[in-house]
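Participant: Read top to bottom, the protein sequences are chains Y and V. First residue of the first sequence? That's 3 in our numbering, and the numbers climb one at a time after it. First residue of the second sequence? That's 3 in our numbering, and the numbers climb one at a time after it.
I should point out that these hints are in silico values taken from the structure, not numbers from a laboratory. Mixed in with the good hints there might be a few duds.
[Unchecked claim] Dumping the calculated BS3-like pairs for lysine-lysine here, alpha-carbon to alpha-carbon at most 25 angstroms:
(1) Y:K544 x V:K544
(2) V:K563 x Y:K544
(3) Y:K380 x V:K361
(4) V:K366 x Y:K369
(5) V:K361 x Y:K145
(6) V:K574 x Y:K56
(7) Y:K380 x V:K574
(8) V:K369 x Y:K369
[Said to hold, decoys possible] Chain V regions said to be covered by chain Y (calculated; three or more residues, Cβ under 8 angstroms):
(9) 421–427
(10) 554–561
[Said to hold, decoys possible] Calculated Cβ distances over 12 angstroms to all of chain Y for the following chain V residues:
(11) S41
(12) P89
(13) H190
(14) R255
(15) L413
(16) N443
The beta-carbon is built from N, C-alpha and C at its ideal position, and this holds for glycine as well.
There are 2 protein chains.
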Amino acid sequence: MLLKMRIQTKKYSLGLDFGTNSCRALIVDISDGRELATSVFPYPSGSDGVFIDKKEPNIARQHPKDYLIGMEKCVKTALKKAQKNEPEFDPEQVIGIGVDTTGSSPMPINAKGIPLCFLPEFEQDLNAMVWLWKDHSSHQEAKEITEIAREMRPQYLEKIGGVYSSEWFWSKVFHCKNAAPNVFESAHSWVEICDYLPAVLTGETRPGHLKRSICAAGHKAMYCEEWDGLPDKEFLRKLDPEMAKLKDRLYDRAQASDKPAGYLCLEWAEKLGLKKGIAVAVGAFDAHMGGVGAGVKEQTLVKILGTSTCDILIHSKEKGPLNIPGVCGIVDSSVIPGYYGIEAGQSAVGDIFLWFVEKLTPEKYGKTAPEKFKNLEKEASKQRPGEHGLVALDWNNGNRTILVDVRLSGLLVGQTLHTEPHEIYRALIEATAFGALTIINRIQKYDVSIKDIINCGGLAARNPFLMQIYADILGRPMKVSRSDQSPALGAALFGAVAAGKNTSGYLNVEQAQKKMTGIKKIFHPDPDNHKVYQELYQFYRKLHHAFGTLNWTGSLFDVMKDLIDLREIQRKEIHA
Amino acid sequence: MLLKMRIQTKKYSLGLDFGTNSCRALIVDISDGRELATSVFPYPSGSDGVFIDKKEPNIARQHPKDYLIGMEKCVKTALKKAQKNEPEFDPEQVIGIGVDTTGSSPMPINAKGIPLCFLPEFEQDLNAMVWLWKDHSSHQEAKEITEIAREMRPQYLEKIGGVYSSEWFWSKVFHCKNAAPNVFESAHSWVEICDYLPAVLTGETRPGHLKRSICAAGHKAMYCEEWDGLPDKEFLRKLDPEMAKLKDRLYDRAQASDKPAGYLCLEWAEKLGLKKGIAVAVGAFDAHMGGVGAGVKEQTLVKILGTSTCDILIHSKEKGPLNIPGVCGIVDSSVIPGYYGIEAGQSAVGDIFLWFVEKLTPEKYGKTAPEKFKNLEKEASKQRPGEHGLVALDWNNGNRTILVDVRLSGLLVGQTLHTEPHEIYRALIEATAFGALTIINRIQKYDVSIKDIINCGGLAARNPFLMQIYADILGRPMKVSRSDQSPALGAALFGAVAAGKNTSGYLNVEQAQKKMTGIKKIFHPDPDNHKVYQELYQFYRKLHHAFGTLNWTGSLFDVMKDLIDLREIQRKEIHA
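Next comes chain Y alone, as it looks inside the complex (with noise of 0.2 angstroms):
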């Protein structure tokens, strides 16, 4: 009886996570965060969900059918799991959905907030469709804005690094407007998607009404308070005069996550199998949704881990405004209420090892794939660090946080007749450790104080190997985040906080993931290996501002010397 009355009391939340090639649900007891169950959803349509153009290798887009029919079938299958998991489970208890995304991801939408691609006359039109974050088609509009905002309003550039991105919304959207006109004249307004899809829940999409994300406004739209919004019109009408003319169809407020962005509609309700009218949270970006699931607080960076990586940071608003240069994004309360929240990140991680395993590593390692990466990681393992000789960048999809450049590659050095692929994956994985120092001791610089890392993500629960080399080359213990699932918790932690005190029992975010959020495991650095990092990241740090700086000046001569020397002493320590 007594039991009965505790389980009829439970509470779940429902979190729901938009990848770039799958979608996922996951259910979380709200009263510790306990994943109850989980279902993925992977996109059918283009290759894994993206729509490619052979002609132009910079366009990635992705069909919003995709999420709509994910978001239905992996619901579903998460409650069936759940009931499955725990026979009292009753989908009755779900109290709140919350919603994270890829982003900047935007769309054209019509008045009545449809996306254009959903209307016959621009069925197959790539253009029609959702921008996806990688796309980098725009990066001609990117430097355009950049240039205009330098000279008419550097304070735009000042929350978002110095440079604006061709991933982000604007260069999209103008793009849009250069390369396929008629689009961008049938687009009555333009949606990210962490916007159209809690909307769509809400039964509520037509431009005017939906609620917009501060998180995705902030970061890649210039949205900001001190400036009453999104950029000003005269701004827009430099670049473009319908550019000007398209803000009066856009928004002039938005909002974060713990508030809702509406009630769950009967259409939706019953599509899911959920209780109509519960809360559905303002929706934001994965890393920043991902970051709370980890517990980012003051102080403590996350960093999640994936194909590319997202940075995340909150710092307290009392200490004034902050302007970190080359940071891709400083906005207020778009990681949690109150704070700033930064944003950086670098553009490949997951996906230069991905490159190297599928294009460059023979089956001798292995057949598959992942027994690619289990041989390459036994074999890199054995070695010291130095003892390959070799130090790569990091730049092979670009610089996205320091440089903010996309039109950097990939760069390896120290190869000889003797260099064996475990020894070029190992000097990958350390170049994106070096990566993600230089992206910290940049923060540091401008006293934002970094006690702690929580690392989140495919990386960091599936691969010791990197965490362990990630201590060792930052000197720091790297902390691995209970879930391996942090964007969809952190999203189920929104909505349990957007239904309110009085249904979830929390006030605010910080209470719900003291409750919700973890850690299962540290990496202590190894000081020994910290110390020869710390010489390999003077050669990391010379190459990268050789080549990505403009006013660099020094001497490379005696950088595949030193690497041949570093070499020559690890490897006679190991035969000694």
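We have chain Y already, so just place chain V on it with the hints.
Facilitator: Using the frame of chain Y, we list chain V on its own:
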């Protein structure tokens, strides 16, 4: 009757070519260079004939017993084949023998001329074997020799490109003194294998009596008539008193290969099945005899393209002494008597491709190395220059000519997440061609004109894709030597000339070349490709100077961006 007389008067010469992994015998009709029969013997010892040391990857040694077994075996087989191919052939018609080998590949011998490693006490001792050309263990000694020469005897360095190499005679002998003093003390003298093997055939291997090659002495041991032979004792004493004492047990004079080292002794005549007393030419290095076999003459550069590359050129002595900084060697009569022989080269060419195929090319391109090469070429040939967006340096084994620096390594820049193996393969081929262009530009800058380029060696004979890229990058027709075994043909040619005019009909090398050498194919440059490659070469040059020279100042900020620009232009053209 007349036919029989003609056949009876036919004369043949035997060329013996001792390479890195095998030796070869070639029987040549001296009237027209027709190759009657050939036989190859792969060295049975070590790894493909090379002894290595896992603790010290710079070490590469060889056992001379492989040469002696191989010489007997492949001459006998070639003679059998010759008789099969042409029943009228009689081994008695062989009138001379020429020998070419790798080098500088010195070995220690005792006072009787017996290699130390043939003695029981040194049987397993790597330091008592042949120190193969590509052994780099003496880089410290090379540096010391260079420094002392720069101070005391700058003239010594002028003839060898300004830097004494770790691949050369004195570095190796000096390193033996330092690293294996017991071997050094037991060595009465040292011989290059190109001196030792002809000496074995003549039956006279005693250090004071065997003939020394001017090619080996001049290019690798700082021998020059100007200072009366080998370096003086004061200089050698500065290295080490024992090195000065060694000089007395080396040699005073060295000879060109148009003269006999001696005549075939009974023992070896019986072993090989040849006539006792035929001329055995003074030995020389494979590249130099290969240059002659391919038809080197004034203003005609011969490139021997193999695992590494040697460039051979001759220059009239009438124009006075030559000094081309960074060029491996300029030695009187080292290629053709009466001319300066000029040697330049690249430390790794085919070896870089083999490394890439063996280590980094997945089975998608084929199961075996030849299949992989074929498919890499097939895919790479579909691309336009610059379309891969890559540029590489060809320094995986250091840089032999221009920078003369073994402590350099490979570099690849421009890779993205889409870069394919065949694109890297193409970039590596291009890198070696850019290296070749850099050498040609340097030689021409010092007023040695190059009007014609003849290519020989395995890569020239078998890789039309590579030859076309070389033509496009160098902007010149690439001729290919008629013989696929130019070094052995050159050796046979010297065997004929050494036999004397009365026997062979040839007064000198040039006369023999006119009859015995030729061209079989010409690759013409594509002007459009050449134009793009002129742009790409600027990237190579910039990286070459930045990583390879001490006083470079400049900016690399544009390298990645410009490579991306070029890639985009070339891709658009292809899809236009």
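Participant: Does the structure keep V:K361 and Y:K145 at a Cα separation of 25 angstroms or less?
Facilitator: The given pair, whose Cα atoms are some 40 angstroms apart, is violated under the 25 angstroms limit.
Participant: Does the structure keep Y:K380 and V:K361 at a Cα separation of 25 angstroms or less?
Facilitator: 17 angstroms, holds
Participant: Verify the proposed pairing of Y:K380 with V:K574, using a straight-line Cα cut of 25 angstroms.
Facilitator: Violated. Y:K380 to V:K574 sits at ~42 angstroms, over the 25 angstroms cutoff.
Participant: According to a criterion of three or more residues whose C-beta lies within less than 8 angstroms of a C-beta of chain Y, is the segment 421–427 of chain V covered?
Facilitator: n = 4 at 8 angstroms, threshold three: holds.
Participant: Sort out whether Y:K369 lies within 25 angstroms of V:K369, counting only the CA atoms.
Facilitator: Holds, because 13 angstroms separates the two Cα atoms, which is no more than 25 angstroms.
Participant: Using a Cβ cutoff of 8 angstroms, are there at least 3 residues of the segment 554–561 of chain V near chain Y, or does the coverage claim fail?
Facilitator: Since three or more residues must qualify, the claim that chain Y covers the segment 554–561 of chain V holds, with 6 doing so at under 8 angstroms.
Participant: Compute the least Cβ-Cβ separation between V:H190 and chain Y, then decide whether it is above 12 angstroms.
Facilitator: Answer for V:H190: holds, closest chain Y Cβ roughly 33 angstroms.
Participant: For the pair supplied as a hint, V:K563 and Y:K544, is the alpha-carbon distance within the 25 angstroms limit?
Facilitator: 18 angstroms, holds
Participant: Test the statement that V:R255 is away from the interface with chain Y: the closest C-beta pair must be farther apart than 12 angstroms.
Facilitator: Holds: least Cβ distance 38 angstroms, greater than 12 angstroms.
Participant: Given the hint that Y:K544 pairs with V:K544, does the C-alpha gap stay at or below 25 angstroms?
Facilitator: This hinted pair holds, its Cα atoms lying about 16 angstroms apart.
Participant: Is V:P89 truly not at the interface, in the sense that its beta carbon sits beyond 12 angstroms from all beta carbons of chain Y?
Facilitator: 46 angstroms, holds
Participant: Should the label of V:S41 as a non-interface residue stand, given a Cβ cut-off of 12 angstroms to chain Y?
Facilitator: Non-interface label on V:S41 holds, nearest chain Y Cβ at 29 angstroms vs cutoff 12 angstroms.
Of the numbered hints listed earlier, those contradicted by the structure are 5, 7 and 15.
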